Amino acid sequence: MLPGFEKKTVAPAEALAARVAVEDFHAEYCAILDGGELERWPDFFTEDCLYRVTEFENAAHGLPVGLVYAEGRDMLHDRAVAIARTQMFAPRQILHFVSNVRILDVSAGEIVAQSNYLLLQTLVEGATTLHQAGRLFDRFARKGDSLLLKERQAIYDTAMIANDLVYPV
Amino acid sequence: MYSNEAIIGSTTLASKNAPIESLAWPQEGLHAIPDWVYTNESVYALEVERIFHGRTWNFVALEAEVPNTGDYKRSYVGPTPVVVSRAEDGSVHVFENRCAHRGAEFCRHSRGNNKEFVCPYHQWSYDLKGNLQGIPFKRGVNKQGGMPKDFRNEEHGLRKLAVATRNGVVFASFAHDMEPLEDYLTPEILEDFDAVFPGRKLRILGFYKNELPCNWKMYHENLKDPYHATLLHSFLVVFGLLVAGNRSAMVADSKYGVHGTMASAKSDTLYAQVDEDKKKEMRSFHDGMKLRDERLLDFVKEFDSEWSVTMQTIWPNLVVQREMNTLGVRHIVPNGPNSMIMLWTMFGYEDDTDDMVRHRLRQGNLMGPSGFLGLEDNEAMKFVQEGVRRSVTDRSILKLDGDKIGTADNLISEAAIRAMYKHYRQVMGF
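Going down the list, the sequences are from chains A and B. Numbers 1 to 169, taken from this note's numbering, label the letters of the first sequence in order. Numbers 1001 to 1430, taken from this note's numbering, label the letters of the second sequence in order.
Please note: incorrect hints may appear among the correct ones.
List of simulated lysine-lysine pairs, DSSO-like, C-alpha gap at most 30 Å [unchecked claim]:
1. B:LYS1422 x B:LYS1404
2. A:LYS150 x B:LYS1422
3. A:LYS150 x B:LYS1290
4. B:LYS1255 x B:LYS1160
5. B:LYS1129 x B:LYS1149
6. B:LYS1149 x B:LYS1138
It should be emphasised that the hints constitute simulated quantities derived from the structure, not laboratory data. Everything numeric in this text was worked out from a predicted model, so none of it was measured.
For reference, chain B alone in the conformation it holds in the complex (with noise of 0.2 Å):
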């Protein structure tokens, strides 16, 4: 079910949703999250305002989208809708999906392919690049009505962003003087980045799109949350894809806390050896269970790593995600503060074999809004937002692991939520 087709309790509680001068994070510090995090419509349009159209880099495309000089796509720069284009000299450009003249959004299709951006209304035309080139009658008819003298079209073109790209990813930003993306990225989200974007060309498998009925950050958390895949997923820890004491990493940037590297090596043997006392730990253990085609779990060893799991969270909009050989990007669209969109984008490389490329595609079942793992993280999240949306308590506890900030060296942390929540905190004044 949408978000916004519940029965009981669509409405937000008064005190989930105060006025923003009154809310005061909690005496716990980042050993709790306050409620009004997720629930509160005024936290959530500073969030827009200072995150994503702030002093961010946004994920916007992959360029093996928009390979041709022509094609375009509709994407988002947290909840606005803007185009990104390829234009005839190569170049990617990202602009506003908003006519300059009257506001309307006037790129409808997913993606395709044109000479010019024509809107429909008053046919006033854009180039590749965003520039206003035409408008219809720009001096009038027979000397009467038309533009003023003065109107210069190069004062109303597209509202542009900032655009920067590594290795085929494509990022957009509403701050024309951010950082460069290499330094913003930062060199220990850089090394597994670029583990599945080495400037290899990739090849589009296709993509899915789901709404979560959830904060947008709730999916950066359990993305920094190490301690729940060991637990919620039964099938990795019942098939030695991550099990409590495999060898296993979460990365956080010491820069600004809030990208992280979840990454892990899976086991030698097919299935996991469980250990009778970590048994006991995890009630979703199921004992002797066996794949009847193990292909879905062939991990073909193609990237310079050590790990054959990495799900990167990039700060504030992007996950990368290798599971072992299937990759994909997923691309966070917030949605006010009780939902969030989540665009999809899976690809191999150009130069997989038919067989590599089937290989990604049976490995594809483990992840997606019908995955074995992806399925259960969209259910506990939807759980969360409704207790945290609907319930009289007020903050929930983030003490795993309690005096780190940051990187951790094990997997029952929080301490990679408790960094992002420390810049969320100087960035947001709370």
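Next up, chain A with everything else stripped away, as it sits in the complex (with noise of 0.2 Å):
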């Protein structure tokens, strides 16, 4: 669905381990979201990593907008700065769910990789929704055994959001 990132054949042995790499990145990953630790965020992607989240339909038709778009991982602070910091909004407990990781790609100093996951939302004295379900398109660059996010495109199906997005996916 999205250019640079078509399925490429994989030795199933390096395919393997660099699923259990990557299934333990989105573990982390999402344990510093759901945990409240905004500001940290940023440490998961490399300094010239490219952020976006966005409708199916944008990235169907090759449309560039972003409903969070950020170049740089120094954007990605100001972002977590100002949502943990500065602005203003009720109240809330997410928890993100990530799983169908697939590998599409590995090379020396790379993963390419989809996966599929689930945003639900609980708002005080709300019920627990279904906040965003989507896929997400990253590449990773490899250092040793650690991963860190060069790019990730969170592609949402959800297109009808409740109200808003406050926390990252």
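Each of the two chains sits in its own frame; use the hints to bring them together as a complex.
Structure, rendered in structure tokens:
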């Protein structure tokens, strides 16, 4: 669906190792967001990263807009600080679920992966609702066993957003 | 959470949804707004009839969304689904998204291209202007059944709306004897509208959609309320985009009082200097906040305007956003008294360089359902809707800059909101 995220042939052992690494990454990444440590979120990205959250129709038609669009970790840092310290919004709990991790390509310095995600949200005295469902298209930089996101495109199917999206995916 | 998923208080108090004959505007006149304008089902139904289906021009599309013959999009006039279509002769047409036969909402894709519209139920077909072309088995089978002999296709096309365009922006109306669009928009409003739409070809950058659990009028009011901008949006204040005391304007059109332009001029320095006495008034002020990536706030002077920011409210369903270099239209779709849908189309110009496109995308983080400013507006309006719907108190206060109705000469004013309600009361008979 997104150019640059085509499925390539990857040796099974390599794909398995990559999948374990990516799943570990998702677990840590989601734990930070769901645990309210938003200002640590930029640490999961490379300095020159690209981060975009956009609806399916934009991605399908090659339209570049992002609900969130950041070039570089500094922009992610500014967003994290703005949300954590200055923004006004109703208190909420969030839970991210990432599954169906699929390794698209592996090279010495990079892993390319696709996953599905669900974002659940609970407002004060509210029901726990499915706030967003979508796909993650991720490009990781590998340094030994550790991964950092060079690119994340979160493409959501839930086009009609319930009011707003406060925390990142 | 969508507005229909509330657990506590999902029903409206009887007093907030009383029979329309029993409603009376408060004695305070335009110094108060009764809660029932936001919560009452009958009031909402009358608004759809008299405002959205009445004598108004409603935004339906940008021409750049349907550039070629056969291009179409699903759209809305008020809550009513319509289709915007580009015909072979280049003209743009707007008709109800309802088959003339049995009423099916036939156009299901957000956008697309086709040679004709075919209802999937019984395959009645319509041309790109909404005229009925073909009915399968119109003469029956073996001379049995079929339409009566006097059935005329030309009498059974899709219901068509009047259409007017200005510099690539398409409006429609159920009233076929509307005044020209230019007269409706008024000279005061056209001045800034034309700065964004000077006739330069637009490039669509993409879309967002969200449901706001608030009454549709609140969105207009929020953009006729410069008072909130200096208080709710600490981001604006910290970075000097808008500080009480900045050069600014809150214009209401002098013909109807319902259209508006909220405008401000960015200070020359990146970060605002805020006086000690003003800081005390602004609880959300954060001293010493700095961006790591200051490109977010770059302003490329590309408009024939003294303002760096103009937010225009065009009655009844359009907001034109020019927040420095991030441009967008917001299409308001009312959705009952307690909900509205907002359809966002973000754009630049066809001759933008790649760098300029990326600058617009970066600056887009200020607005939209995840924007530094947009998010706070959505939250605040949700709070207001819950407050007016669930409380016993029955009105809110509208006294800032109390003697004035219409254009305000300062930010601490509700004069433009009063102008909107003055017109509203006339149209609605309240």
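Hints, one by one, checked against the model:
Only pairs whose Cα atoms come within 30 Å are accepted, and B:LYS1422 paired with B:LYS1404 is accepted, the gap being roughly 12 Å. For the hint pairing A:LYS150 with B:LYS1422, the CA-to-CA distance comes to about 54 Å; that exceeds 30 Å, so the pair is violated. For the proposed pair A:LYS150 and B:LYS1290, the alpha carbon gap of about 25 Å is at most 30 Å, so the pair holds. Of the pairs offered as hints, the one joining B:LYS1255 and B:LYS1160 holds, with about 28 Å between alpha carbons and a cut-off of 30 Å not exceeded.
Between B:LYS1129 and B:LYS1149 the alpha-carbon distance is near 25 Å, which keeps this suggested pair within the 30 Å criterion. In summary, the hint linking B:LYS1149 to B:LYS1138 is supported, as the alpha carbons are separated by about 9 Å, within the 30 Å threshold.
Of the numbered hints listed earlier, the single one contradicted by the structure is hint 2.
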